Amino acid sequence: MDKKTLKELANNLMFDMKEEEYETLSKEFEFLLKEMDKISEFEGIKDVEPLFHPFEIKTSLREDEAKNFITTEEALLNVKEKIGNEIKVPKVVGE
Amino acid sequence: MNIEEFRKKIDENGIKEVFNESVKISKERQKDVNAFVTIMDSFEKSSSLSKISNIPYALKDNFSTKGILTTASSNMLKDYIPVYDSTVYKKLKESGAILLGKTTLDELAMGGTGTTGHTGIVRNPIDTTRSISGSSSGSAAAVRMGVCPFAIGSDTGDSVRKPASYAGIVGFKPTYGRISRFGLFAFASSLDTVGIMATSVKDVAIVTDILKGKDENDMTSLDNDDEIYENLIEKDVKGLKLAYIEEICDEDNNKEIFNKIITSCETLGMTVEKVNMDKKLLEAVFAAYRTISCAETTSNNANLSGILFGPRAKGSTPDEIIFNSRTEGFSELIKRRFIMGSYVLRRENQEKLYLNACKIRRLIVDKTNEIFNKYDAIILPTTKDIAPKLEQEKEIINDKFSVLENHLDIANFGGYPSITIPSFEKDGMPLGVSIMCNIKKDALTLNIAHKLFEKLRGEENV
Amino acid sequence: MYNVTIGLEIHCELKTNSKVFSTGKNEYNDEANVNLSPVDLGFPGVLPVLNKEAVRKAILVSCALNSKISNKTKFDRKNYFYPDLPKGYQITQSREPFGTNGYLMIHVGEKEKKVLIHDLHLEEDTASLDHFNDYSLLNFNRAGVPLIEIVTEPCLNSSEEAISFLEELRNVIRYTGASDARSDRGEMRCDVNISLSKDETLGTKVEMKNINSFYNVKEAIEYEIKRQSELLDKGEKILQETRRFDSTDKKTYSMRSKVDSIDYKYFPEPNIPVLEIEEEYIKEIKDSLPKLPFERVKEYIEKYNLSRKDANTLVKEKEISDYFEKTISLGCSPKLVSNWITTKILGYLNKENIKINEFYLKEEYLHELISLIENEEITSQQAKEVFDYCLLEKKTPKEITKEKNIKASSNNEELQNIVNKVIEENPEVINDYKNGKERMLDYLVGQVMKYSKGTANPIKAKELMLKDLNS
Chain C
51 MDKKTLKELA NNLMFDMKEE EYETLSKEFE FLLKEMDKIS EFEGIKDVEP LFHPFEIKTS
111 LREDEAKNFI TTEEALLNVK EKIGNEIKVP KVVGE
Chain V
1029 MNIEEFRKKI DENGIKEVFN ESVKISKERQ KDVNAFVTIM DSFEKSSSLS KISNIPYALK
1089 DNFSTKGILT TASSNMLKDY IPVYDSTVYK KLKESGAILL GKTTLDELAM GGTGTTGHTG
1149 IVRNPIDTTR SISGSSSGSA AAVRMGVCPF AIGSDTGDSV RKPASYAGIV GFKPTYGRIS
1209 RFGLFAFASS LDTVGIMATS VKDVAIVTDI LKGKDENDMT SLDNDDEIYE NLIEKDVKGL
1269 KLAYIEEICD EDNNKEIFNK IITSCETLGM TVEKVNMDKK LLEAVFAAYR TISCAETTSN
1329 NANLSGILFG PRAKGSTPDE IIFNSRTEGF SELIKRRFIM GSYVLRRENQ EKLYLNACKI
1389 RRLIVDKTNE IFNKYDAIIL PTTKDIAPKL EQEKEIINDK FSVLENHLDI ANFGGYPSIT
1449 IPSFEKDGMP LGVSIMCNIK KDALTLNIAH KLFEKLRGEE NV
Chain G
356 MYNVTIGLEI HCELKTNSKV FSTGKNEYND EANVNLSPVD LGFPGVLPVL NKEAVRKAIL
416 VSCALNSKIS NKTKFDRKNY FYPDLPKGYQ ITQSREPFGT NGYLMIHVGE KEKKVLIHDL
476 HLEEDTASLD HFNDYSLLNF NRAGVPLIEI VTEPCLNSSE EAISFLEELR NVIRYTGASD
536 ARSDRGEMRC DVNISLSKDE TLGTKVEMKN INSFYNVKEA IEYEIKRQSE LLDKGEKILQ
596 ETRRFDSTDK KTYSMRSKVD SIDYKYFPEP NIPVLEIEEE YIKEIKDSLP KLPFERVKEY
656 IEKYNLSRKD ANTLVKEKEI SDYFEKTISL GCSPKLVSNW ITTKILGYLN KENIKINEFY
716 LKEEYLHELI SLIENEEITS QQAKEVFDYC LLEKKTPKEI TKEKNIKASS NNEELQNIVN
776 KVIEENPEVI NDYKNGKERM LDYLVGQVMK YSKGTANPIK AKELMLKDLN S
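Chains as they are written, first to last, in my numbering: chain C, 51 to 145; chain V, 1029 to 1490; chain G, 356 to 826.
Calculated directly from the structure, the hints in this document are not laboratory data. A quick note: this is a predicted structure, and the numbers were derived from the prediction, not measured. Ideal placement from N, C-alpha and C gives every residue a C-beta, glycine not left out. Careful: at least some of the hints might be erroneous.
Stated by the list, open to error - Facing chain G, according to a computed beta carbon distance under 7 Å, are these residues of chain V, among others:
id: 1; residue: Ile1038
id: 2; residue: Lys1106
id: 3; residue: Ile1109
id: 4; residue: Tyr1112
id: 5; residue: Ser1114
id: 6; residue: Ala1330
id: 7; residue: Asn1352
id: 8; residue: Asn1377
To be verified - Capping the alpha-carbon separation at 25 Å, the derived lysine-lysine pairs in BS3-like fashion look like this:
id: 9; chain 1: G; residue 1: Lys433; chain 2: V; residue 2: Lys1380
id: 10; chain 1: G; residue 1: Lys638; chain 2: G; residue 2: Lys658
id: 11; chain 1: C; residue 1: Lys117; chain 2: V; residue 2: Lys1119
id: 12; chain 1: C; residue 1: Lys88; chain 2: V; residue 2: Lys1395
id: 13; chain 1: V; residue 1: Lys1288; chain 2: C; residue 2: Lys57
id: 14; chain 1: C; residue 1: Lys117; chain 2: G; residue 2: Lys606
id: 15; chain 1: G; residue 1: Lys370; chain 2: C; residue 2: Lys117
id: 16; chain 1: V; residue 1: Lys1342; chain 2: C; residue 2: Lys141
id: 17; chain 1: V; residue 1: Lys1242; chain 2: G; residue 2: Lys717
id: 18; chain 1: C; residue 1: Lys108; chain 2: V; residue 2: Lys1119
id: 19; chain 1: G; residue 1: Lys606; chain 2: G; residue 2: Lys664
id: 20; chain 1: G; residue 1: Lys638; chain 2: C; residue 2: Lys108
id: 21; chain 1: C; residue 1: Lys96; chain 2: G; residue 2: Lys427
id: 22; chain 1: C; residue 1: Lys57; chain 2: G; residue 2: Lys638
id: 23; chain 1: G; residue 1: Lys606; chain 2: C; residue 2: Lys141
id: 24; chain 1: V; residue 1: Lys1342; chain 2: C; residue 2: Lys132
id: 25; chain 1: V; residue 1: Lys1106; chain 2: C; residue 2: Lys130
id: 26; chain 1: V; residue 1: Lys1380; chain 2: V; residue 2: Lys1288
id: 27; chain 1: G; residue 1: Lys776; chain 2: V; residue 2: Lys1380
id: 28; chain 1: V; residue 1: Lys1342; chain 2: C; residue 2: Lys84
id: 29; chain 1: V; residue 1: Lys1307; chain 2: C; residue 2: Lys88
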């Protein structure tokens, strides 16, 4: 796994790492991908249905009731920059 | 000290005295153990008549507590004050339990060494040169230090059971959904389970009884089972059938101890039989767990951006703010996991990596269910050996791993209830043994564990 | 000329009390950042809990679009970073949406067209951003509002077809009550995919995102057809890309090409279990569907002989169409009812700015009024007067005619006298008529009506006039 790809992956996740950290990551990748290869070669794996939830859970839906609000002050409690009731960010350009 | 003993002490000395003493010890041991991110300086006396009323407890610092700093031991959340209560915290408050403090974890509950929290390493209180593992490191340490009779953790792979085992206490991961996850900072949502740590199975049962139940805030929470676990733990276990998996036990460094445990089980009238599982499948547990948990955690932690909470880095566009906040906020280990998770979800890799891992998950769960068709429980050593020396703990994976060190993940794959209890000591350090039952059989798991726990305590004292 | 192929993706907000995955209030025109749930802000530890009513409405619209309804519907995560997306992912459906393989019949001019619907899925809206000179402000009231996304197959071939489809779809959604679907309030937004080719194969797809009005959809499509045709004429290649439509200069601009296309890394939402939908529930919803506008237009034209224009006017609002149908079911001529609605009633509602359900003259009263005409008790002209009085005094037509003594003249002798008088007074007109100017008859009858102050029965007046003229 080359550093460029790894950096691209990191940047897609909105962060960067130090040079030497990419090296560690690269080694870790190598190991994990080897392990993953074992999985893909597992006998009969093709016909198995993937499992996404630990077991089947019966769902019950929520009644359409608006309730349990937090206050505007609470909503903004941890916000570092705000104007009035709203959260301030540098101007969004593009889309 | 268990709940009953704390109760006695409170009756004798008063709540304030007991609370203050716990605070004092906790603070004293911050230097060498570092169990807490936050230690409370006050409490509210409760008039609740519950079994845990006015009993101090510790809560892992990844449960949302309104008005109380909650960091998940990450720089990304080092100043975060939640504005809502997790269901677990709410229920404990309603039962009158007293929050002693919020405990240190591996950053964002990822990693199992207790060394990656933003406030430093957590050490094993029994021997501070040794690891307590993680990620519920501080919770395990708090119970072991005797500052509270129980603590709450979260278990995604082994994060409650492994530190409990190294600390010589009981650690219980109930069935997935038995306890609401609302307010538990998500690591890998399809695996995350609220767990309970205490000095006895009975105390674990008491606390589980209080925490369990359907929650309208968690769609995956189970319907109430209308059982009182505390009342069911004393049931006779005679005739129950246990199995151990040979391929896993083969790696045990302490086979003679496991054999002694088996003998104890048999003395209790249970049968213990050997079963086999494809070694290749067991070896795949690690990679499948890594793949699934990393995929989910990458997405679960995408809310940490510095926009609405957490430290906000500088930047001239919102993208720059998010980028810089995340670059500065996450440690290297976390970033590596995120990248791994993102990689396996990529369009071109998803089939081969992520979906295959989910298929392995199915195969393992199917196989485990087959065992549960014939047996009431699976019994296995919790870890390969006693807690390692801290300098041996590394969070970089590059070596051959053992199936014994990864078998606890199976309980999370299938959502099974799984508990570790202390068995015997070796070199003055505790070893644990695990009991796992089929889904929703939390009462049975606690029942077997309690009987065995009492039996082993008896033998120890002889 | 090139073959134009268009596919549409329409986002429509559902009308519910609470949000799709939280108990936050579904009302974002309030003050900024009020009535929020912690879930709407993506705080650590929050979990989605699916809203029953949003599910019902998603299935309802799926049924109205003749879709196959999934028995086991699933939710997925779409991962991307944007300041208006608090969790860093959107919960949507990619594997098993509520509805698949549907269609909607539309009228394009006089022709009918079947528009194929690929799927309908349920998802959540984002927060809204207000832009200022050097900063933007975030408001989370809209975050988590339920959205349905309807994706058509690439089967539309002109801007006219696209607009007809959008209008029909909007009406259908309104008929189901799932949403008011007002694009002026941002409740309905549209992405357009368009490709041009010389032959039957599909050309290179160009995508235009988030167009906020039907008019702009039309402009964007027409601009793209022109732009791409010119490129193809010159022998140039069309780039596969996403473009942005600028509503000020009505042009489209490149945003990103295919190579930079975002990988959203979809995967199953672990916090929402697979949702089983029982056949019985689907049937119940299907049975609750009202008769939809396409069918109504067809019926009004074919069965009631209304003009397409009138039929379209009547079905524009379900309540109006229902009013029309109920009135004729009481036994009135469809044509007359249609005329009353399109000429008098809609004008009145518009002037008073009220809805038909607030309109005083209920179906029974309109029926009463029209029956008075049909039974020759009052004339059409008198009926208009009665109508105005009814609304002014909030009384029934019968009460008004009685109180004000309004009735058609039935006295033949009196009418004959007027006819005689008109003949006496208009010798020249009579001459013209006799010399072949037949339309003069209408003038003469008109004079009779005038003298009678509108109380005369025009048919009878014409009868008597003809008799005299021809004798």
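Q | Hint check, failures only | A | Checked against the structure, the hints that fail are numbers 1, 2, 3, 7, 8, 10, 13, 14, 17, 19, 22, 26, 27 and 28, while the rest are satisfied.
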